[in-house]
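J.: Letter by letter, the chains look like this.
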Amino acid sequence: MLFSNLVIEIQPTLLISLAVITCLCVFFVYAGKKIEASDPLEKPKGLVLIIEFMVDTFTNFFGSILPEKLQKYLIPYFSCIAIYIFLCNTIGLIGLESPTSNLSITLALGLVTVTMTQLTALRTKGAFQYIKGLLIPPTNILGAISPLVSLSVRLFGNILSGSILTGLIYVFTGWLSSLIFGFIPIDIIGPPIMAVLHAYFDLFAGFLQTFIFVTLSSVYISMEVE
Amino acid sequence: MTDRGLIAIAAAIAVFAGFATALGEGNAAARAVEAVGRNPEANDKIRLMMIVGCGITETVAIYGLLISFILLFVY
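Residue numbers (this note's numbering), protein chains in the order written: chain A, 1 to 226; chain B, 1 to 75.
Hints are computed from structural coordinates only; laboratory data are not their basis.
As the structure is a prediction and not an experimental result, all values here were calculated from the model.
Hints are not guaranteed to be accurate.
With a straight-line Cα cutoff of 30 Å, these simulated BS3-like cross-link-like pairs (lysine-lysine) come out [stated by the list, open to error]:
no., chain 1, residue 1, chain 2, residue 2
1, A, LYS69, A, LYS125
2, A, LYS43, A, LYS72
3, A, LYS72, B, LYS45
4, A, LYS34, A, LYS125
5, A, LYS125, A, LYS43
6, B, LYS45, A, LYS132
The whole structure should be built from the sequences, with the hints applied where relevant.
T.: Pasting the structure below:
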């Protein structure tokens, strides 16, 4: 009786997110097999070269932000999250709805970051100092919760507003196309104009938002250790 | 009818949050250009820091846009 009005619907963004994760898993297993089969003394080429370049970039970038103790398990985590968020942001290029335009998915990512931040603080400072640090100026609790809201809503708002704006422009070019070229049943004027806007909203804003998300997350975590 | 009118006015006022954001980001870009002029070797670091700073400041404008979209499409 408590949940008599509960409606559970399967949202398309959840299925697309699961599909992205499955494709990433298959790709990483295949790339891992190729890397194991390659000779470490020869020059890499092809897929191994791309993977080595990406690992180098991520290690250098996160190695300059994160402290030494945490690097071993945080660099792989942040690299994987960065690849996942970038793929989710740019999947609008294929025509699917972007998973990060769903607040639940970005909230989950923000929750993982906040949990890791607080657990790192707890492990570094010990239980008593940690609770004292949260309560002594009483506004410190707000400072522990606000990264959750800011990280998740920033990513959600940027991607959702981009997808709403492109959707509105598609409606407009569809009406214009049916007005001018009424005999062609599809939207002719849309795609040439939208190519530029897709490059801005999906590629540029998507990359910038993933960069900001992982940079801010790693900065929050590294601020707890020092 | 009054409801729809008030909601439309509220949605328009919510986007006004972009005004101060544009002022702040223009200021940041101006100082970045000035810093590059003073020290042309730090070009890459300054560009990176300016873009990250602009992305963080833009959050407030995106909050306003989000509120305006929610007002228009949900109510």
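J.: Holds or violated: LYS69 (chain A) and LYS125 (chain A), Cα atoms, limit 30 Å.
T.: Roughly 14 Å separates the two Cα atoms, so the pair holds.
J.: Given the hint that LYS34 (chain A) pairs with LYS125 (chain A), does the C-alpha gap stay at or below 30 Å?
T.: 43 Å, violated
J.: Are the Cα atoms of LYS125 (chain A) and LYS43 (chain A) separated by 30 Å or less?
T.: 45 Å, violated
J.: Against the 30 Å threshold, does the CA-CA distance of LYS43 (chain A) and LYS72 (chain A) hold or violate the hint?
T.: 26 Å, holds
J.: Hint check: LYS45 (chain B) vs LYS132 (chain A), CA-CA at most 30 Å. Holds or violated?
T.: Violated, at about 37 Å.
J.: Assess, step by step, whether the Cα of LYS72 (chain A) is no farther than 30 Å from the Cα of LYS45 (chain B), and give holds or violated.
T.: Measuring from Cα to Cα gives roughly 26 Å; hence the hint holds.
Going down the numbered hints, you'll see the structure goes against 4, 5, 6, while the others check out.
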